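Peer 1: Sequence:
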Amino acid sequence: MTVLQYQCTMSLDGFIAGVGGDMSWLTPFFGPDPAVDEVMRDTGALLVGRRTFGGDDPLVGNAGEAEPYGGGWSGQQVVLTHRPPAADVPGVSFAGDLQSAVAAAVAAAGDKTVGVLGAQVAAQCLAAGILDEILVFVAPVLLGDGVRLFEHDGGTNIALELVERGRTAAVPHLRYRVLR
Numbered sequence: 041m042t043v044l045q046y047q048c049t050m051s052l053d054g055f056i057a058g059v060g061g062d063m064s065w066l067t068p069f070f071g072p073d074p075a076v077d078e079v080m081r082d083t084g085a086l087l088v089g090r091r092t093f094g095g096d097d098p099l100v101g102n103a104g105e106a107e108p109y110g111g112g113w114s115g116q117q118v119v120l121t122h123r124p125p126a127a128d129v130p131g132v133s134f135a136g137d138l139q140s141a142v143a144a145a146v147a148a149a150g151d152k153t154v155g156v157l158g159a160q161v162a163a164q165c166l167a168a169g170i171l172d173e174i175l176v177f178v179a180p181v182l183l184g185d186g187v188r189l190f191e192h193d194g195g196t197n198i199a200l201e202l203v204e205r206g207r208t209a210a211v212p213h214l215r216y217r218v219l220r
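My numbering numbers the first residue of the sequence shown as 41 and each following residue consecutively.
By construction, these hints were calculated from the structure, which means they are not laboratory data. Every value quoted in this text rests on a predicted model; they were computed, and no experiment measured them. All the given hints hold, so there is nothing to weed out.
Quick list of the computed label-pair ranges, beta carbon to beta carbon:
hint: 1; residue 1: Gly-150; residue 2: Glu-204; range: 21 to 31 Å
hint: 2; residue 1: Ser-140; residue 2: Val-178; range: 31 to 41 Å
hint: 3; residue 1: Asp-185; residue 2: Asp-151; range: 34 to 44 Å
hint: 4; residue 1: Ala-126; residue 2: Leu-214; range: 32 to 42 Å
hint: 5; residue 1: Ala-126; residue 2: Ile-198; range: 34 to 44 Å
hint: 6; residue 1: Asp-128; residue 2: Leu-52; range: 35 to 45 Å
hint: 7; residue 1: Leu-200; residue 2: Pro-74; range: 21 to 31 Å
hint: 8; residue 1: Pro-124; residue 2: Pro-180; range: 31 to 41 Å
Only pairs whose alpha carbons sit at most 25 Å apart, straight line, appear in this in silico SDA-like list of lysine to any residue:
hint: 9; residue 1: Lys-152; residue 2: Arg-220
hint: 10; residue 1: Lys-152; residue 2: Gly-206
hint: 11; residue 1: Lys-152; residue 2: Ala-163
We treat Cβ as the ideally placed atom computed from N, Cα and C, and that holds for glycine.
Sequences and hints are given; from them, build the entire structure.
Peer 2: So, in structure tokens, the structure goes:
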């Protein structure tokens with residue numbers, strides 16, 4: 041069964057992007073990392089939010105610009121949006137609702153993981169009860185403001201089970217299973 045896994049890097053104070061979606065804070069943490077390599081090998085498709093798809097690219101002007109995982113991953117991307125671009129984008133499809141976006145990503149992933157990118161689409165998957173895991177790399181930096189890992193209105197607790205704790209390169213990571 042395909043796993044839907046929210047994949048992100050977060051600052052120690054809980055932000056996955058800076059103010060205005062700034063992603064430049066990530067650049068000091070790029071580099072070879074066996075844990076990231078494993079994530080890329082295990083990911084068969086990406087389910088991406090529109091802001092993440094069209095957002096700030098920390099690799100602007102460098103190799104890997106506008107490519108998932110800096111060009112280290114290739115495969116089908118499904119972008120959840122009500123505003124698809126006018127022109128086709130190779131390797132990318134667009135869906136206007138969560139159900140069809142997830143179905144397309146799961147079909148494209150085969151027996152591999154669907155990587156969920158973007159705080160809003162991850163929150164929608166969580167609210168729909170279809171998010172299976174959260175994989176977060178914790179960068180040793182405090183951003184102070186920006187896009188939070190999760191915005192969760194209503195105060196409902198969501199139980200998680202720690203599945204993996206690791207440290208490779210400079211950034212530790214945690215993988216949780218979402219308990220239902």
